[in-house]
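J.: Build out the structure end to end from the sequences listed, making use of the hints.
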Amino acid sequence: MAQSNAVGMRRPGWAQRLKEWLCRESTAGVICSLPFIIGFVLFLIVPMLLSAYYSFCDYNILAPAEWAGFKNYVKIFTADAKFVKSLGVTFFYALISVPLRLTFALIVALILLKNTKMTGIYRAAYYLPSIIGGSVAVAILWKRMFAIDGTFNTVLNMLGIQSNIAWLGNVSTAIWMLILLSVWQFGSSMLIFLSSLKQIPQTLYEAARVDGARGYQQFFRITLPLLTPTIFFNLVMQMINGFLAFSQSYIITQGKPMNSTLFYVVYMYQQGFEYFKAGYASALAWIMLLIIGAFTGLLFLTKRFWVYEEGN
Amino acid sequence: MPYRAKKALSATIYHACVLFLGFIMVYPLIWMIMSSFKPTTTVFTTAGSLIPTTWTGENYVNGLKGFGNVPFTRFFLNSLFISVVATIGTVVSSALVAYAFSRLPYRGRGILFGAMLVTMMLPAQVLMVPQYLWYNKLGWVNSYLPMIVPYFFATQGFFVYLNVNFINGIPRDLDEAARIDGCSPYGIFLYVIVPLLTPALITSGIFSFIWRWDDFLSALLYVRTSNMYPASLALKLFCDPGSSSDYGAMFAMSTLSILPVLLIFIFLQKYLVEGIATSGLKG
Numbered sequence: 001m002a003q004s005n006a007v008g009m010r011r012p013g014w015a016q017r018l019k020e021w022l023c024r025e026s027t028a029g030v031i032c033s034l035p036f037i038i039g040f041v042l043f044l045i046v047p048m049l050l051s052a053y054y055s056f057c058d059y060n061i062l063a064p065a066e067w068a069g070f071k072n073y074v075k076i077f078t079a080d081a082k083f084v085k086s087l088g089v090t091f092f093y094a095l096i097s098v099p100l101r102l103t104f105a106l107i108v109a110l111i112l113l114k115n116t117k118m119t120g121i122y123r124a125a126y127y128l129p130s131i132i133g134g135s136v137a138v139a140i141l142w143k144r145m146f147a148i149d150g151t152f153n154t155v156l157n158m159l160g161i162q163s164n165i166a167w168l169g170n171v172s173t174a175i176w177m178l179i180l181l182s183v184w185q186f187g188s189s190m191l192i193f194l195s196s197l198k199q200i201p202q203t204l205y206e207a208a209r210v211d212g213a214r215g216y217q218q219f220f221r222i223t224l225p226l227l228t229p230t231i232f233f234n235l236v237m238q239m240i241n242g243f244l245a246f247s248q249s250y251i252i253t254q255g256k257p258m259n260s261t262l263f264y265v266v267y268m269y270q271q272g273f274e275y276f277k278a279g280y281a282s283a284l285a286w287i288m289l290l291i292i293g294a295f296t297g298l299l300f301l302t303k304r305f306w307v308y309e310e311g312n
Numbered sequence: 001m002p003y004r005a006k007k008a009l010s011a012t013i014y015h016a017c018v019l020f021l022g023f024i025m026v027y028p029l030i031w032m033i034m035s036s037f038k039p040t041t042t043v044f045t046t047a048g049s050l051i052p053t054t055w056t057g058e059n060y061v062n063g064l065k066g067f068g069n070v071p072f073t074r075f076f077l078n079s080l081f082i083s084v085v086a087t088i089g090t091v092v093s094s095a096l097v098a099y100a101f102s103r104l105p106y107r108g109r110g111i112l113f114g115a116m117l118v119t120m121m122l123p124a125q126v127l128m129v130p131q132y133l134w135y136n137k138l139g140w141v142n143s144y145l146p147m148i149v150p151y152f153f154a155t156q157g158f159f160v161y162l163n164v165n166f167i168n169g170i171p172r173d174l175d176e177a178a179r180i181d182g183c184s185p186y187g188i189f190l191y192v193i194v195p196l197l198t199p200a201l202i203t204s205g206i207f208s209f210i211w212r213w214d215d216f217l218s219a220l221l222y223v224r225t226s227n228m229y230p231a232s233l234a235l236k237l238f239c240d241p242g243s244s245s246d247y248g249a250m251f252a253m254s255t256l257s258i259l260p261v262l263l264i265f266i267f268l269q270k271y272l273v274e275g276i277a278t279s280g281l282k283g
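Chains C and V, in that order, are what the protein sequence lines are.
Each residue of the first sequence is one higher than the one before, starting from 1 at the first, in the numbering used here.
Each residue of the second sequence is one higher than the one before, starting from 1 at the first, in the numbering used here.
Hints may contain errors.
[Said to hold, decoys possible] Listed next, with one range per pair, are the computed distances between beta-carbon atoms:
hint	chain 1	residue 1	chain 2	residue 2	range
1	C	Phe305	V	Ala5	45 to 51 Å
2	C	Leu290	V	Cys17	42 to 48 Å
3	C	Ala207	V	Tyr27	39 to 45 Å
4	C	Phe276	V	Tyr27	39 to 45 Å
5	V	Arg4	C	Phe219	26 to 32 Å
[Unchecked claim] Covered stretches of chain C, going by a simulated chain V footprint (3 or more residues, C-beta under 8 Å):
hint	region
6	50 to 57
7	152 to 165
Quick caveat, the hints were computed from the structure, so don't treat them as lab data.
For glycine and all other residues, C-beta sits at the position ideal for the given N, C-alpha and C.
T.: Now the structure itself:
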């Protein structure tokens with residue numbers, strides 16, 4: 001700036017003015033945001049608009065797209081039993097696994113809140129599954145563990161429980177194995193709960209104790225209400241991820257047996273990349289997007305009934 | 001019962017329960033690692049016992065031979081390349097965008113910030129068909145481009161959000177002092193913000209690396225030639241029908257594939273915990 005004052009005697013040259021313009025906060029802000037602006041348009045908006053168009057077309061990737069109006073949507077809603085089935089499976093999975101995982105995470109977080117010398121090790125043991133749970137290695141492991149000759153049956157037999165169930169091959173148990181895999185990864189939610197539990201002021205508990213509140217009363221009147229914002233945020237994010245589960249089920253069951261684990265995204269993948277019906281798959285993607293939007297909106301509407309907000 | 005004995009007893013019960021549950025949690029992983037050292041024919045006949053009776057390294061030798069003419073080390077190197085490059089892109093672009101979102105007001109910033117939050121809620125799966133069609137048009141299919149280029153454009157809201165939170169915590173007096181000394185907004189980013197942002201950069205780097213390393217979906221969609229396979233996709237070959245089912249080798253390669261993540265977990269756990277805690281607490 002000192003330099004520009006010295007030069008300021010003369011009319012500033014265009015290079016100087018350009019430099020000043022570039023260094024203005026608002027210009028710099030736009031320039032620093034450019035990666036996001038470009039990426040958002042190029043890798044999100046454009047593909048979404050493109051697929052919105054294709055969802056109204058007959059399009060199989062190889063041949064050019066042909067406008068077909070609402071044909072794909074009509075077929076999905078009126079003549080596609082697998083669509084209904086996969087939607088049901090997905091809802092069942094998300095609505096059971098996410099609340100279970102959050103409940104587990106909360107219980108274990110409360111248990112580990114007690115500080116002992118071993119707490120670090122315990123925390124690590126419970127957290128480890130969530131950090132590697134997304135890998136193909138774990139999916140393969142799961143597939144072998146619950147096979148008819150897998151570890152789970154062997155251990156059961158050793159404990160004296162005779163079992164020869166193919167856990168992943170049975171219509172009524174397969175989905176539960178995937179739910180189990182999801183609940184097993186409760187570790188990161190547990191860490192989130194742990195850190196928000198630590199932020200609850202101790203004075204609240206002291207005051208409650210003075211008033212003679214019992215342990216469970218303290219939990220339901222202080223701990224739980226103050227955790228609701230965290231619970232809400234994680235519920236929304238994990239529900240969305242639950243609706244969109246793919247890799248694990250694709251590797252472990254491929255939707256079998258009898259479509260009992262056919263997740264929506266697996267079905268979408270089959271339509272798009274196994275039958276090459278890109279237009280149809282695009283329509284499926286848009287329907288899911290709208291469902292997620294509606295569901296998230298609905299969750300937000302319930303917010304004021306159970307989520308504690310500062311200052312209320 | 002005297003008070004102290006009662007206390008010791010309850011502490012013992014507490015530790016026994018927590019330890020037992022913890023053991024169940026990590027049991028599958030220990031089982032996988034141990035199985036990779038058992039002779040491949042005995043993996044399932046001895047599934048009930050954890051410790052191998054005879055230790056062997058032949059599963060690793062067999063597994064590393066890979067598939068066809070492609071050794072498994074090649075798959076790991078592919079994974080490493082993709083993960084490292086995409087992670088560098090993510091870390092640099094997310095930090096820069098977060099700096100603008102946190103410190104440099106301009107018209108329309110609020111809308112862009114909202115757009116960023118939306119990308120946080122849009123996982124890759126829902127976009128797989130749209131993005132595939134688009135990358136297909138661009139001629140990017142069967143290359144690493146779809147798995148690398150988007151990450152240089154801060155497309156993962158999670159990391160931008162993490163950095164914004166962190167930068168908001170850096171006192172503005174420091175920027176102000178630098179500005180008075182004649183530092184441009186770019187200089188402030190490089191010399192003031194970035195050095196202080198290091199913990200958040202490390203956290204972002206670690207998460208990005210783990211997610212890219214584990215990424216299966218985009219490899220499945222975009223990689224066709226087998227010598228370009230990353231490890232995640234190559235592992236899947238073990239459980240395809242028709243492949244020779246060498247379970248020992250399968251578990252050996254699975255174990256190797258989680259090794260980098262395991263090492264990160266052991267040595268950099270602090271950053272993982274911080275990242276989870278700061279980004280999962282939005283009210």
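J.: For every hint, state whether the structure bears it out.
T.: Verification of the hints:
no.: 1; hint: C:Phe305 with V:Ala5: 45 to 51 Å; result: holds (47 Å)
no.: 2; hint: C:Leu290 with V:Cys17: 42 to 48 Å; result: holds (45 Å)
no.: 3; hint: C:Ala207 with V:Tyr27: 39 to 45 Å; result: holds (43 Å)
no.: 4; hint: C:Phe276 with V:Tyr27: 39 to 45 Å; result: holds (42 Å)
no.: 5; hint: V:Arg4 with C:Phe219: 26 to 32 Å; result: holds (27 Å)
no.: 6; hint: 50 to 57; result: holds (count 3)
no.: 7; hint: 152 to 165; result: holds (count 4)
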